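Asker: Here's the letter readout for the chains.
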Amino acid sequence: DAGITQSPRHKVTETGTPVTLRCHQTENHRYMYWYRQDPGHGLRLIHYSYGVKDTDKGEVSDGYSVSRSKTEDFLLTLESATSSQTSVYFCAISGGDSRTDTQYFGPGTRLTVL
Amino acid sequence: KQEVTQIPAALSVPEGENLVLNCSFTDSAIYNLQWFRQDPGKGLTSLLLIQSSQREQTSGRLNASLDKSSGRSTLYIAASQPGDSATYLCATLSYNTDKLIFGTGTRLQVFP
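Here the protein sequences come in this chain order: G and B.
Residue numbers 24 to 137, in my numbering, belong to the letters of the first sequence in order.
Residue numbers 17 to 128, in my numbering, belong to the letters of the second sequence in order.
Note that these hints are calculated values from the structure, not bench results.
Be a bit skeptical, because a hint or two may be false.
With the C-beta cut set under 8 Å, the calculated list includes, among others, these residues of chain G facing chain B [said to hold, decoys possible]:
no., residue
1, 68
2, 73
3, 78
4, 81
5, 83
6, 86
7, 87
8, 92
9, 93
10, 113
11, 119
12, 135
Keep in mind the model is a prediction, meaning the values are calculated, not measured.
Glycine residues also receive a C-beta, built at the ideal position from the N, C-alpha and C atoms.
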């Protein structure tokens with residue numbers, strides 16, 4: 024299994040508060056991704072990173088920002104959480120140094136915004 | 017825009033049956049297609065990756081095929097077991113979007 028951890032695993036927060044989710048990898052791989060999973064929508068890409076300080080938007084990036092200051096860590100921030108951001112968030116890495124390699128997923132973070 | 021569809025949304029079969037899960041996609045300009053398994057409350061586990069130049073991949077009791085021209089992939093599970101019960105997701109990596117696009121999955125239940 025790819026060495027991917029996510030923290031926290033569960034979080035309940037209130038509307039309007041900032042939230043940061045952390046993804047940590049031990050594989051030293053270049054590409055990292057944040058997805059959200061919602062019933063009826065499947066998994067959708069929020070942001071991804073192709074190197075330290077190199078990030079780009081996915082299909083549902085509004086309301087989210089990311090940062091990658093180290094190869095091993097990719098942070099997802101909800102600047103002001105809304106109820107529509109209640110979801111399960113997954114981090115993933117590409118198995119090699121190419122974006123076309125198999126993606127490996129972390130265990131997920133369940134976020135509830137009240 | 018790439019759209020990935022999986023039919024059926026749910027499937028229930030008795031143990032021992034051979035079964036086929038279907039995945040269709042609208043844009044054939046893909047790098048690869050991947051099949052994943054997701055257990056309830058868990059992350060995704062990669063099962064098979066088929067490159068666009070390949071026709072099929074096999075791993076144990078699993079065999080995945082790819083027909084780019086028709087925009088279809090199938091995941092064949094031989095001699096199903098209760099431990100195979102999970103949601104199976106397919107995803108394509110398109111040239112145009114350069115991002116992995118997922119289907120909404122097929123929820124499989126294998127009963128003893």
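Asker: Please go over all the hints and tell whether each is borne out by the structure.
Answerer: Comparing the hints with the structure gives:
1. 68: Cβ of residue 68(G) sits 5 Å from chain B, so the hint holds.
2. 73: violated, 10 Å
3. 78: violated, 13 Å
4. 81: This hint holds: residue 81(G) lies near chain B, its Cβ roughly 6 Å from the closest one there, short of 8 Å.
5. 83: Since chain B brings no Cβ nearer than about 11 Å to residue 83(G), farther than 8 Å, the hint is violated.
6. 86: With Cβ-Cβ at 18 Å, over 8 Å, it is violated.
7. 87: violated, 15 Å
8. 92: This hint is violated: residue 92(G) lies away from chain B, its Cβ roughly 23 Å from the closest one there, beyond 8 Å.
9. 93: Not OK, violated: residue 93(G) not within 8 Å of chain B, min 22 Å.
10. 113: holds, 6 Å
11. 119: violated, 11 Å
12. 135: violated, 14 Å
Consistency with the previously given hints fails for numbers 2, 3, 5, 6, 7, 8, 9, 11 and 12, ordered from lowest to highest.
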